[in-house]
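A.B. asks: Take a look at the letters that make up each chain.
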Amino acid sequence: MGILRALFLGIYLIAGIVQASELSVAIGVQDPSQLAMSGNVIPPNMPGSELIAFNDDLAREICRRINARCTVSFVPFSAVLPGVEDRRFDLGFGNLLRTPEREKRVAFSAPIWRSSSRLLGTPAAAEAFATKLGHPVSVDTLRDARVAALEGSQQLAFLNAIASQRGLAVSSRTTAQEVIEALRNNSVDFGLLSVQSAYALLNRDTTRQIEFIGSAVADRGLGGTVHIALPLQNDTLRRSVDQAIAAIRGDGSFQRIARRHFPLGLD
Amino acid sequence: MVTREFRERYRARTAFVILATTFALLFGVVVALLAMDQHRVLEASQRLQQDTIPQIIRFQRLARNLEQIRQEGERVFSATTPEGRQQSLFLIMLVASHPSILEHPQSAEAARDAERFLIETGNLASGDRSQISQRHAEWQNISKRLSLLVDDLSVQGASLATDDLNEMVAVMQLARAKLIGALILVGGFLLLLILLLNRHLIRPLQRIDQTLSSLSVDQPAPEFPDARMAEIHAVEQATRRLHDSLAANEAARRELELLANRDGLTGLINRRHFMVIADAELQHTQGQGRPAVIALGDLDYFKRLNDTYGHAAGDTVLQAFALLLEESFRQSDLVCRYGGEEFAFLFPDSTVEQARALADRFRQRVADHDIRLPDGLLIRVTLCIGLADASKSTIESALHDADFALYEAKRLGRNRVIVAAETA
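Protein chains in written order, with the working numbering: chain A, 5 to 271; chain B, 5 to 428.
Just so you know, these hints were derived from the structure itself, not from any lab. Careful, some of the hints might be misleading.
[To be verified] Cβ-to-Cβ under 7 Å is the rule here; a few derived chain A residues that face chain B:
{"no.": "1", "residue": "Ser120"}
{"no.": "2", "residue": "Arg122"}
{"no.": "3", "residue": "Val199"}
{"no.": "4", "residue": "Tyr203"}
{"no.": "5", "residue": "Phe216"}
{"no.": "6", "residue": "Gly218"}
{"no.": "7", "residue": "Arg243"}
{"no.": "8", "residue": "Ala250"}
{"no.": "9", "residue": "Ala262"}
{"no.": "10", "residue": "Pro267"}
{"no.": "11", "residue": "Leu268"}
[What the hints assert, rightly or not] Okay, the calculated beta carbon distance ranges per label pair:
{"no.": "12", "chain 1": "A", "residue 1": "Arg109", "chain 2": "B", "residue 2": "Ser134", "range": "45 to 51 Å"}
{"no.": "13", "chain 1": "B", "residue 1": "Glu78", "chain 2": "A", "residue 2": "Gly254", "range": "31 to 37 Å"}
{"no.": "14", "chain 1": "B", "residue 1": "Gln53", "chain 2": "A", "residue 2": "Gly256", "range": "16 to 22 Å"}
{"no.": "15", "chain 1": "A", "residue 1": "Gly256", "chain 2": "B", "residue 2": "Gly185", "range": "42 to 48 Å"}
{"no.": "16", "chain 1": "B", "residue 1": "Thr26", "chain 2": "A", "residue 2": "Gly256", "range": "57 to 63 Å"}
{"no.": "17", "chain 1": "B", "residue 1": "Leu197", "chain 2": "A", "residue 2": "Gly256", "range": "57 to 63 Å"}
{"no.": "18", "chain 1": "A", "residue 1": "Leu137", "chain 2": "B", "residue 2": "Ser134", "range": "44 to 50 Å"}
{"no.": "19", "chain 1": "B", "residue 1": "Ser137", "chain 2": "A", "residue 2": "Thr145", "range": "31 to 37 Å"}
{"no.": "20", "chain 1": "B", "residue 1": "Met40", "chain 2": "A", "residue 2": "Ser168", "range": "40 to 46 Å"}
{"no.": "21", "chain 1": "A", "residue 1": "Leu137", "chain 2": "B", "residue 2": "Glu124", "range": "18 to 24 Å"}
{"no.": "22", "chain 1": "B", "residue 1": "Leu195", "chain 2": "A", "residue 2": "Gly254", "range": "52 to 58 Å"}
{"no.": "23", "chain 1": "A", "residue 1": "Arg170", "chain 2": "B", "residue 2": "Ser134", "range": "38 to 44 Å"}
Please read these numbers as outputs of a predicted model, since none were measured by experiment. Where a beta carbon is used, it is the ideal one built from N, C-alpha and C, also for glycine.
With these hints in hand, go ahead and build the complete structure from the sequences.
C.D. replies: Listed below in structure tokens is the structure:
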């Protein structure tokens, strides 16, 4: 009996070692200063820390469910997809919308939440453009303005697509915080960001210089389901992650993580 | 003559193959119908799981988000500081931007109106605090509209499940009705099968069994109702043929027995058979203490008759004599051709005197009877009869005594009846 017990224990340990894989996780940051930090040391009162902490918690929970040891790296949003595409990262978090173009580059997990986009700007800019255009400013009515968006984002792709038609001067920024800064120093008239990213940054802004302008938009590629990016042709990992997401949703862990960082349900 | 209408008959195997096939087809149809219902239930449950429940969850989230907008709107009015009001407004903008609200036009419009009104209120309140109380009545209407929408969405979500569940219940009830129908069908079919088996196999077999058990030549030929099963009909026909065969065998046996026990010329029983049945009859009579008489008779001058008229004439005389014998004696009396022109008699239940009178009357009748020979000549013959009391003796002893008396009758001049005791 002792020999058999030892044999089973050995098999179990070997199986555990084999199964426990190393995964590299990329999380898009909100502020350039966060690039050098790790999840444990990002101060909770930093701009955008909620979204990063949420992604960090979610990534660690998924890693725990799939029995993987994960190493988390904070990278600019624009570096998430290329990093996963080049297989430098196994999992990419960053409010990533699923689009046909992106599906050619990376695989996507099951949805983790839903997102929309909204214009940001100062009340003065909103009023000035409303007067100039003759009606309130929104994504649909915006024209002849300087607009910034996150580099590599769907918002930037959308603005670029309508720029010539609407007379827009489109520019990109590496992080969402840089878009906010550009609005503050009047480098741009408006910014187009995902609502969650903007909320995470503006939530702690007591100056209230920047506010949402117009209605949110979820169509035309500016909203929809948000996913985790994974390398193509790694169906085993994708299936494991999907199962973990289903389990996390099923037992209420997802809702607890979301409530820990946001005052509303994300899905 | 009774004519029976021709009826088509079926081979049992063919009939049961047809029945089994019909049953299998009917059962298959019922099973297919039930399978269709099961498929519908599966489809409905899959739809419930894959479409309806996610849709319900979406409605619940939408209702939750709208309710959150309403509650944050209440906080805008109840907030004591501009920061608290701004915090609620900011949250309202965030929730109103959620895709779950944007994709539902009615909710999107309500959320947009609420957001616009509350932002306006916030802006006005930053300059004039009294605006809060002035705009509260209007907010009550917007809040009520949001509440009604939340209720509608909650009911709408629940109704989605109700529709699917109602459909599943309807299908299950239909399936239950079909199942009951199937059970009735199977029960009815089994009942029909039992009735058919009983009518066309079991009862005919019982009739055949009873008929074969009591099959006898003494019974009339068996009659069967017209069977529909070819095999049963064949067995019944074979039973009838068996009865006919038994009857034919019995007739042949009786014919052979007749030939073995009768004298070929006169038709009277022969000596061997007489000895068997006379002995049995004598023992029976003696057993009951009743009298019996044995007699031997012999035609007088029969050799001379043969020599004079020929053997054919002798045969004619013997045949005519035999006819007279049968006409003259009682049914209970036994007569045989003992050999040549000699005849033996048994008179049961007769005393010697009675037998003597009977024999004497017969002797006289023979003597008076004209016998026509083949050539047309009429002749008369006489005979002698010797009687012996057989009430207490064996047949052999009685025959011996009778023979002695016959000899005495011949010696005394023929054409007479002599009782053995008289010569003793």
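A.B. asks: Now, for every hint given, state plainly whether the structure supports it.
C.D. replies: Against the structure, the hints:
1. The restraint placing Ser120/A at the interface with chain B holds, with a minimum CB-CB distance near 5 Å, inside the 7 Å limit.
2. A hinted interface residue such as Arg122/A counts as satisfied when its beta carbon comes closer than 7 Å to some beta carbon of chain B; here the least separation is about 5 Å, so the hint holds.
3. Interface restraint check: Val199/A against chain B, minimum CB-CB distance 4 Å, threshold 7 Å, status holds.
4. For the restraint placing Tyr203/A at the interface with chain B, the shortest Cβ-Cβ distance is roughly 5 Å, inside the 7 Å limit, so the hint holds.
5. Hint status for Phe216/A relative to chain B: holds, with the closest Cβ pair at about 5 Å, below 7 Å.
6. At about 10 Å, the closest approach between the beta carbon of Gly218/A and any beta carbon in chain B exceeds 7 Å, and the interface hint on this residue is violated.
7. Using the Cβ-Cβ criterion of 7 Å, the hint placing Arg243/A at the interface with chain B is not satisfied: the shortest such distance is roughly 19 Å.
8. Given the 7 Å rule on beta carbons, the hint for Ala250/A is violated: about 13 Å separates it from the nearest Cβ of chain B.
9. Residue-level restraint check for Ala262/A is violated (minimum Cβ-Cβ distance to chain B is 12 Å; threshold 7 Å).
10. The closest approach between the C-beta of Pro267/A and any C-beta of chain B is roughly 6 Å, which is under the 7 Å cut-off, so the hint is satisfied.
11. A hinted interface residue such as Leu268/A counts as satisfied when its beta carbon comes closer than 7 Å to some beta carbon of chain B; here the least separation is about 5 Å, so the hint holds.
12. In this structure the supplied range 45 to 51 Å is violated for Arg109/A paired with Ser134/B, their Cβ-Cβ distance being about 57 Å.
13. At about 33 Å, the CB distance of Glu78/B to Gly254/A agrees with the hint of 31 to 37 Å.
14. Checked against the hint of 16 to 22 Å, the pair Gln53/B and Gly256/A passes, with Cβ atoms roughly 19 Å apart.
15. Take Gly256/A and Gly185/B: their Cβ atoms lie about 47 Å apart, and the range 42 to 48 Å holds.
16. The given range of 57 to 63 Å is respected by Thr26/B and Gly256/A, whose C-beta atoms sit roughly 58 Å from each other.
17. Look at Leu197/B against Gly256/A: about 60 Å separates their beta carbons, and that is inside 57 to 63 Å.
18. Look at Leu137/A against Ser134/B: about 33 Å separates their beta carbons, and that is not inside 44 to 50 Å.
19. Our hint of 31 to 37 Å for Ser137/B and Thr145/A holds, since their Cβ atoms are close to 34 Å apart.
20. Take Met40/B and Ser168/A: their Cβ atoms lie about 59 Å apart, and the range 40 to 46 Å is violated.
21. Hint check: Leu137/A to Glu124/B, Cβ distance near 20 Å, so the stated range 18 to 24 Å holds.
22. At about 53 Å, the beta-carbon gap between Leu195/B and Gly254/A stays in the expected band of 52 to 58 Å.
23. Hint check: Arg170/A to Ser134/B, Cβ distance near 42 Å, so the stated range 38 to 44 Å holds.
When the structure is compared with the earlier hints, violations turn up for hints 6, 7, 8, 9, 12, 18, 20 and for no others.
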